[in-house]
Amino acid sequence: MNQKPEHAGLVTATVVVALILSILPLPGGLHAYAPYWMALVFIYWGLESRSLGHLGQAFVCGLLLDIFTGALLGQHALSLLIISYLLGRFRHRIRFFPPWQQSLAVLALLLNDRIIQLWIIALAGRGLPDWSFWIQPVVAFVLWPWIFLLLDALRLRARRTA
Amino acid sequence: MAVSGSHRDSIYDDLTGRTARLMLYGLLAVTLMALDHRGQWLDSIRQTATGMIEPVYHLVDLPFTASSWLRDHFASRREVNTRLAELEWERLITQTRLNRMAELEAENTELRAMLDARERADAEYIPASLLRVQLDPHSHRILVNRGRVHGVENRQAVVDSGGVLGQVTTVYRNSAEITLISDPNHAIPVTIHRTGVRTIAYGNGSTKNLSLPDLPANADIEPGDQILTSGLDGLFPAGLPVGEVISVQTDAGRAFAEARARPLARIDRSRHVLLLDTRAEPDSEAARDFEEPPPEAEQPMSPPAAAPEAIEPDEEDPTLNDDNDSTVDTP
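Residue numbers (the working numbering), protein chains in the order written: chain A, 41 to 202; chain B, -13 to 317.
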């Protein structure tokens, strides 16, 4: 279970892709339903390897996301921090779940995150979000198995080529 | 982004250390949020950071710009012709309206000359397109593709074809950030077109309505009334359409009525906007209005530094000083 150095490039690449996806507009107001890409990337690497396990990394990536999206500075930092912490706490259990149960765990993590973010948005007086705010975790729940398979394939390929 | 350090195997196992680090980073995040929310302290840091990642925004926008360019390039002749015909009609209609306006303007200039009032400055503007970058929906901010190099300045008013959209709050090299009128921290002094009642329209976090919470309980205002900028802040030129009143709530127990207005600008859909140059002197009409601010507008307003300068010493008209409502119908 040691960290494979060849992951570094792939991990960085997925984080960059997640950042770009976060500010990429989707047609027809679909953006409101786009999942929390950065969190999914963190969950994947947290479960499957020890990359991105440090809380400091979650903090820095969250800050980057805040700067990129113009959110309150620290909002996503706190959110990723908590996801990363909870993941570290429960990863031994979640790792061996069958895919759909893993999806459920992802849903729970993201729902919890939505509550934290709602709390931040409300405290900052930035206007309460509408119902689509709660759709994001559900979309992530549905997409998780595919994202998992995709990242897994990428990771195994990276390992093989190394 | 990879894990480094010698004790990588313990990063999950050392629970107390991890919890301690959670607390530490959490505290840091909360402090950052508090500072950012208060403004001022983090503004320059944030501005530098966003300035540094600005090229990424343009990069994300690039495929969209390229595809629309390609679409334009390969559009069929028929499509182009139809579009052209449509635009010709539109131009004809607009031109007719403008011709009538020209007449009014001439009349207005004459009247102003008679009253010794200052000439109304023609607004200069910079056309800009939105960068197709999705910012946090709760930040009520958008980015446009014109920046410092194009002469954009802070606090310029931004309008689209419908009405006032917001104001420029941060200028980067090749882009600028616009705070929308729907931002809960945004306020804009307005006047009800039909009656001339002046008040302030606040954003409330929704792109569908604005709040006008400080109307006198007996104010003459009803759904359908147009609201325009009053120019009292010296920031937005007077007379720009802002919204249309959709509901009025009068509570017998309270001193103020509250109205809601639908913004006329297409806040979540505009693609092309104009940045108005506000370096023009504030309107003399606004200056006169400012001498006699209505009581209802006095308190919540914190006019920017430009407003007090707008008071003109040579403007005193005792006949206008008796009633709030009468001051509005000045020529």
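The set of hints was computed from the structure by calculation and includes no laboratory data. Hints are not guaranteed to be accurate.
What the hints assert, rightly or not - Here are some of the chain A residues that sit facing chain B, going by a computed Cβ distance under 7 Å: (1) Val57; (2) Leu61; (3) Leu64; (4) Pro67; (5) Leu70; (6) Ala111; (7) Leu113; (8) Gly114; (9) Ala117; (10) Leu126; (11) Pro139; (12) Trp174; (13) Thr201; (14) Ala202.
Where a beta carbon is used, it is the ideal one built from N, C-alpha and C, also for glycine.
Return the numbers of the hints above that this structure violates; sort them in rising order. 1, 2, 4, 5, 10, 11, 12, 13 and 14
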